[in-house]
Amino acid sequence: MKPLFAIALIVIISVLFGQAACSRKKLPDVNTNASAGVTSSTEQDRSQARVYLDEGKELYRTDQDEKAVVVFQKALKLDPDLAEAYFRLGLAYEALGKQHEAEDSYKKAVEKHKKYLEANSKDAEAHYDLGQTYAGLHLYSEAVKEYRQATHLKDDDADIFYDLGTALMKLAQYDEAAAAFSKSLEIDPENYRAEDALEEARDGVQRIKAGKKHQEDLLKKQKEEELKTGEDGTESNTSPSSSNSKSLNSKPSNSKSKPTNSNSRSTGVRTP
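In this text, residue positions in the sequence shown follow the working numbering: the first is 8, and each later residue adds one.
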């Protein structure tokens with residue numbers, strides 16, 4: 008009986024330890040599922056935020072700006088780091104004439120874009136979006152820098168080159184703007200707005216050239232007038248010398264003999 012009792016005791020102990028081991032193995036699975044649930048929820052929020060963003064863009068495109076503002080705000084509530092939503096919100100505010108709110112939204116968009124680019128410097132779209140945001144703030148030099156960076160990373164996007172040209176036009180850099188519009192048309196020959204913009208840029212180039220020529224002509228004319236005035240001044244300075252010489256020589260007094268001699272030398276030059 009004792010051997011049987013010992014065997015039974017060993018079996019019972021083994022079963023108990025086996026159950027404990029199984030329960031310990033199950034604990035990590037519970038934690039993993041909980042963590043996955045949190046991640047899934049965050050991803051769902053971000054995904055829904057993108058849906059709201061697209062909805063807002065469509066509302067803005069169809070001139071439903073007030074509704075667009077509400078939808079963009081919903082997107083940002085779900086994903087506060089969605090930089091494009093701040094930018095689009097700024098556009099909608101600007102369309103409603105709310106300049107202060109628009110500027111605040113643009114500034115937040117700049118902040119979010121910069122933060123994102125610190126870890127994703129090779130993202131062409133992010134540079135492009137930041138360029139658009141700067142343009143919304145009328146900071147065209149900064150916009151040009153970001154657009155150029157975007158073109159270096161992605162050289163086959165007609166819209167980027169078009170917006171680069173538009174920013175350069177604001178800076179009156181018509182030659183470079185024309186080059187950007189030409190590149191946009193090269194990528195997309197049916198981009199009619201780029202075609203119109205290219206014509207405008209070329210007109211700007213001609214205006215600059217005409218302005219420079221006009222300035223050069225004015226300077227040339229001014230120099231000619233200065234030379235002519237100098238010649239007239241020389242003649243007027245010598246003529247009085249002759250008359251002064253005559254008047255001084257007619258006086259019986261020998262006073263002022265030095266001026267008389269000086270003027271006499273002048274007169275001697277003019278005497279044939």
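Incorrect hints may have been included.
Calculated pairs, DSS-like style, for lysine-lysine (alpha carbon to alpha carbon, straight line, at most 27 angstroms) [said to hold, decoys possible]:
| id | residue 1 | residue 2 |
| --- | --- | --- |
| 1 | Lys-152 | Lys-64 |
| 2 | Lys-177 | Lys-115 |
| 3 | Lys-114 | Lys-74 |
| 4 | Lys-228 | Lys-216 |
Derived CB-CB ranges, DEER-like [unchecked claim]:
| id | residue 1 | residue 2 | range |
| --- | --- | --- | --- |
| 5 | Thr-69 | Leu-225 | 48 to 56 angstroms |
| 6 | Asp-163 | Val-212 | 22 to 30 angstroms |
| 7 | Gln-222 | Tyr-123 | 27 to 35 angstroms |
No lab work stands behind these hints: they were computed from the structure.
Each residue gets a CB set at the ideal place from its N, CA and C atoms; glycine is no exception.
Against the structure, the hints:
1. Lys-152 with Lys-64: Judged against 27 angstroms, a Cα distance of about 26 angstroms means the pair holds.
2. Lys-177 with Lys-115: 23 angstroms, holds
3. Lys-114 with Lys-74: 22 angstroms, holds
4. Lys-228 with Lys-216: Satisfied, since the Cα-Cα distance of roughly 18 angstroms is no more than 27 angstroms.
5. Thr-69 with Leu-225: 48 to 56 angstroms: 52 angstroms, holds
6. Asp-163 with Val-212: 22 to 30 angstroms: Cβ of Asp-163 to Cβ of Val-212: about 26 angstroms, so the range 22 to 30 angstroms holds.
7. Gln-222 with Tyr-123: 27 to 35 angstroms: 46 angstroms, violated
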